[in-house]
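S.K.: Line by line, the protein sequences give chains A and B. Residues in the first sequence are numbered consecutively from 1, following our numbering. Residues in the second sequence are numbered consecutively from 1, following our numbering.
Since the hints were derived computationally from the structure, they do not count as laboratory data. Any given hint might turn out to be false.
What the hints assert, rightly or not - Example chain B residues on the side facing chain A (calculated, C-beta under 8 angstroms, incomplete): (1) 53; (2) 75; (3) 78; (4) 82; (5) 94; (6) 98; (7) 113; (8) 184; (9) 278.
Beta carbons: idealized from backbone N, C-alpha and C, even for Gly.
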Amino acid sequence: MTSATLYIDRDAGLQRLHPLTKLVISLFLIVLALVIPNMWAGYIVFLLGVVPLALWGGILQPLWSALWKIVLPFAISMFVIQGLFWTGGTPVVELGPLSFKAEGLVFATTITGRLLAIMGSFLLLSLGTPPDDLMISLEERGVPNSVTYIVLSTMQLVPGLQVRAGKIRDAQRARGLETEGSILQRMRSMMPLVEPLVLGSIIDVDERAIALEARGFSREASKSFYRPVPDRRWEQILRWMLFIASILLIVLRIFWPLINRYYLGAG
Amino acid sequence: MIIDLEDIAYAYPQATKPALRGITLSVPEGQFLAVVGGNRAGKSTLCYVLSGFIPHHFKGTYRGKIEVAGMDLTQSSLGEIAGKVGLVFSNPFNQISGARFTVEEEVAFGLENLGVPREEMHERVHRALETTGLAEVAGRSPYALSGGQQQRLALASMLVMEPQLLVLDEPTSQLDPAGKIEVFEVLNRLADEKVMTVVIVEHELEWIGDFADRVIVMHEGRIVNDGDPREVLVDEALVAMGVGNTAYTSVAREAREQGLVNNDGLLPVTLDQAVDFFSGT
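So here's chain A without its partners, still in its complex pose:
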């Protein structure tokens, strides 16, 4: 493994979209899930937005297998904590001295749905977009290369760090460090790893900075790009439309109570 990207390379419609289109679609789905004032909003966005797009890219199965591992533990704790400890709600299920409150369950349902939609959209972007294409297209539009560098280099350096951590660990085990056993024992065995790993990485940073500078990283001239990231007219239009729609939705959500009161006479 040489880079920690999640991208799944398939010759499918989703993958062929311009990276920024996918970025905007993901953000739009997230806005939708957060803005619609309904407990099922997140689930609807997930089922009608994320799932069809994931199918289009042939990535539904990996998306789902990553998603439920994130959402399920969260959902369980949400339902237990919010359901049991909602103060002053209406009890629906009684378990001896404990009772689940309706308001708590509604809240947990809403939050879980939103998480499903947000993480789903995020995974849709990560699994369906080559990260370098996304960063190049951001750089082409004026995002500083120091920002994109942080994202891209992290993806490539993390696997390297893992290899290095493994080597340091093996060296320490050869000298008698216990790395197996109880969870506490394992946590304790992590400590001696921190210093060589972190210090070693800091020393490398200086050389990396020199290598980058020697290649004109901080040069203040207009840049060019080796790899073309093809864009299409309809995608540009779609991006603007989704962007404007997102802004409108957010504005509407913020001012909804006011509109409701003064124009619709509901107050």
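Fit chain B to the known structure of chain A by using the hints.
M.R.: Okay, now just chain B, sitting in the frame of chain A:
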């Protein structure tokens, strides 16, 4: 003169002793100059001076005039120097930018920063990949390469920018024997073609004897010898400085001292010269 250093002195921050103590050096365009010296002689520091990282990256105190490729490096920014002066150092892994995912794009990274048009970039990248023998791995991840390949990638990434001066700081010292051979093959071509001025810090004296036009010896922050490799590298004083002599030089000197050969000429540095030396008696 592509390099014109005048009385350069430099001390790293918090260092008790200066790393360079009065370096004056002129190098004409196209010269292949080797730098030898023991530990802490100031070789790497000289490389940083020639590539502008002193005083722009390393703080500390310096004095003197640094003129390289027609620029006063103390007045130019690192962004301006990039592309005119290239630098390759020993750790191949740390020279990979990490910003691009394939070998080909990694080579192009410097050209992107210089704003070279795409068509020209393609042409130059492919030429650099050919020169360094990396054409077959162009599509691979830079991190999936061997040490020797990574170092050739670092070289390609500099060559592609077509600098007027290329500074190489022990480019083979962290490689295994196979990797060293690969990198030397590229360096040999550089020495033969003379498309750019090269300053190389290197320990392989026999190789220097074969390929360098000129060699300077550094010791404790000063240049203590400067001249034709044939004359400079056979100096016995190099042994005390931790540089040493080649086996051919040592054997020939020993043989002469013991009266086994009657040759008052220059001691040999390379195998060919040794053959001449011993057959001349």
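S.K.: Against chain A, run the beta carbon of residue 278 of chain B and see if the smallest gap drops under 8 angstroms.
M.R.: With Cβ-Cβ at 44 angstroms, over 8 angstroms, it is violated.
S.K.: Measuring from the C-beta of residue 113 of chain B to each C-beta in chain A, is the shortest one below 8 angstroms?
M.R.: holds (3 angstroms)
S.K.: Holds or violated: is there a CB of chain A closer than 8 angstroms to the CB of residue 53 of chain B?
M.R.: Hint holds; residue 53 of chain B Cβ to chain A Cβ min 6 angstroms, cut 8 angstroms.
S.K.: Can you verify the interface hint for residue 184 of chain B: is its Cβ closer than 8 angstroms to any Cβ in chain A?
M.R.: Hint violated; residue 184 of chain B Cβ to chain A Cβ min 21 angstroms, cut 8 angstroms.
S.K.: May I ask you to test the interface hint for residue 78 of chain B with respect to chain A, counting a Cβ-Cβ separation under 8 angstroms as satisfied?
M.R.: Holds. Min distance 5 angstroms.
S.K.: Measuring from the C-beta of residue 75 of chain B to each C-beta in chain A, is the shortest one below 8 angstroms?
M.R.: violated (16 angstroms)
S.K.: Taking the closest Cβ pair, is residue 82 of chain B under 8 angstroms from chain A?
M.R.: Cβ of residue 82 of chain B sits 4 angstroms from chain A, so the hint holds.
S.K.: Was the hint right that residue 98 of chain B lines chain A, CB cutoff 8 angstroms?
M.R.: holds (3 angstroms)
S.K.: Report holds or violated for the interface hint on residue 94 of chain B, using the least CB-CB distance to chain A and a cut-off of 8 angstroms.
M.R.: Interface hint status for residue 94 of chain B: holds (4 angstroms vs cutoff 8 angstroms).
In this structure, the earlier hints numbered 2, 8, 9 are contradicted, and the remaining ones agree with it.
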